[in-house]
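J.: Protein chains in written order, with my numbering: chain A, 1 to 164; chain B, 1 to 217.
Among the hints, a few may not be true.
[Unchecked claim] Computed beta-carbon distance windows for the label pairs:
no., chain 1, residue 1, chain 2, residue 2, range
1, A, 7, B, 33, 10 to 20 Å
2, B, 14, A, 160, 24 to 34 Å
3, A, 159, B, 24, 39 to 49 Å
Think of the hints as simulated: they come from the structure by calculation, not from any bench.
Where a beta carbon is used, it is the ideal one built from N, C-alpha and C, also for glycine.
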Amino acid sequence: MNKELEHQFVTALENNQNIVHKVCSLYTNSRDAHNDLFQEITIQLWKAYPKFRGESKFSTWMYRVALNTAITLYRKSKKRVQTQDFDSVIFKIKADEYDPTQEQQLTLMYKAVKQLGDIEKALVFLYLEDKNYSEISDTLGISEVNARVKMNRIKTKLRTILNP
Amino acid sequence: MMDELELLKKDWKRKESELPKLSYDELYAMIWKKSSSIVKWIFIISIIEFVLPQLLYFIPSVKEGIEPYERLGLKNLMMGISIVQYLVVFYFIYQFYQRYREISALDNAKQLMHKIIRTRKTVKNYILFALSMFLLTFLLIAVGIALSDGDTFIHALDLEEKAMEDSIDNLKFVVVGLLIAVGILCTAFLGLIYFLIYGLLLRKLGKNYRELKRLEI
């Protein structure tokens with residue numbers, strides 16, 4: 001691991017850190033937990049970086065490692081996890097920018113997404129990130145058809161959460 | 001619903017500007033921090049699980065405990081079992097290491113989970129093997145005692161005083177019964193502890209893996 005590699009990696013990460021932050025805000029409920037997960041993802045990215053040969057875009061590669069860390073590898077450190085519900089940065093709605101109905105609707109939507117399971121969240125995340133079903137199926141290791149089926153089920157599930 | 005998700009998508013994009021921004025130096029510092037991933041925990045706990053049963057034999061009282069059974073004529077058998085046991089243990093450790101090395105965050109989610117579960121399964125099989133050997137040792141000794149002639153039995157277990165008060169057959173019966181009961185209880189207890197650890201470590205992972213598997217049906 002030479003200096004050049006470190007520099008390359010940190011620069012690329014700095015430019016693409018949004019992806020990691022978004023994953024963190026989806027999978028954690030407190031700022032501490034957010035930072036904790038962010039750090040673990042960074043470590044995993046760095047560990048995997050020597051194997052990144054530029055066959056895909058750096059960002060594409062990041063989606064995979066970040067989601068893998070959030071869903072599978074990450075182990076919450078007990079001392080850092082807080083119990084109270086904290087709306088992470090991305091889920092805050094600015095009151096003055098929306099009409100009340102839409103604002104309320106969005107708040108409910110974010111809350112509903114947060115209630116989904118780990119795999120479902122991953123699908124919604126990739127969907128929100130404009131990934132197509134072929135990329136989603138690649139990242140999760142399921143077929144494209146099944147990714148579509150699952151996404152439709154999630155939509156139904158969200159609808160039930162929103163309109164009980 | 002479709003529209004609502006589209007609405008969410010728009011908002012999601014808009015919020016990008018509100019995300020935290022870490023500096024180059026902050027990120028640089030992070031890459032040197034220690035990982036606390038589940039894979040690391042699995043590795044550490046597995047190593048402990050591999051080593052712990054072996055350490056038992058180094059405790060002096062356990063060694064002494066084995067000695068009388070050598071006098072029962074089980075020495076060669078025990079020796080043979082030990083050799084097979086070590087061969088199997090090394091095979092498990094080798095397999096575990098191979099599988100551990102295959103775990104990569106670059107795989108897709110399902111493959112990654114599958115590989116972690118497979119690695120852990122190696123340890124599970126090893127524990128099943130270790131527990132069986134443990135129980136087998138108890139049973140072998142019990143059988144050895146049951147088949148031994150009275151004098152050897154009394155001498156091997158230093159039961160001369162007891163033999164004065166009770167018949168040899170009765171003593172044999174009690175000792176064999178005790179050995180089997182203790183053997184089964186200890187094995188069950190160790191098994192319970194082990195499967196609790198196994199369950200706790202893989203609970204979240206197993207749940208997510210099953211969900212992905214269910215999608216394929």
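J.: Hints first: check each against the structure and report whether it holds.
T.: Hints versus structure:
Distance hint for residue 7 (chain A) and residue 33 (chain B): a CB-CB separation of about 18 Å, consistent with the stated range 10 to 20 Å. At roughly 26 Å, the beta carbons of residue 14 (chain B) and residue 160 (chain A) sit within the given window of 24 to 34 Å. Under the hint 39 to 49 Å, the C-beta atoms of residue 159 (chain A) and residue 24 (chain B), about 43 Å apart, fit the expected range.
Hint compliance for this structure: no hint is broken.
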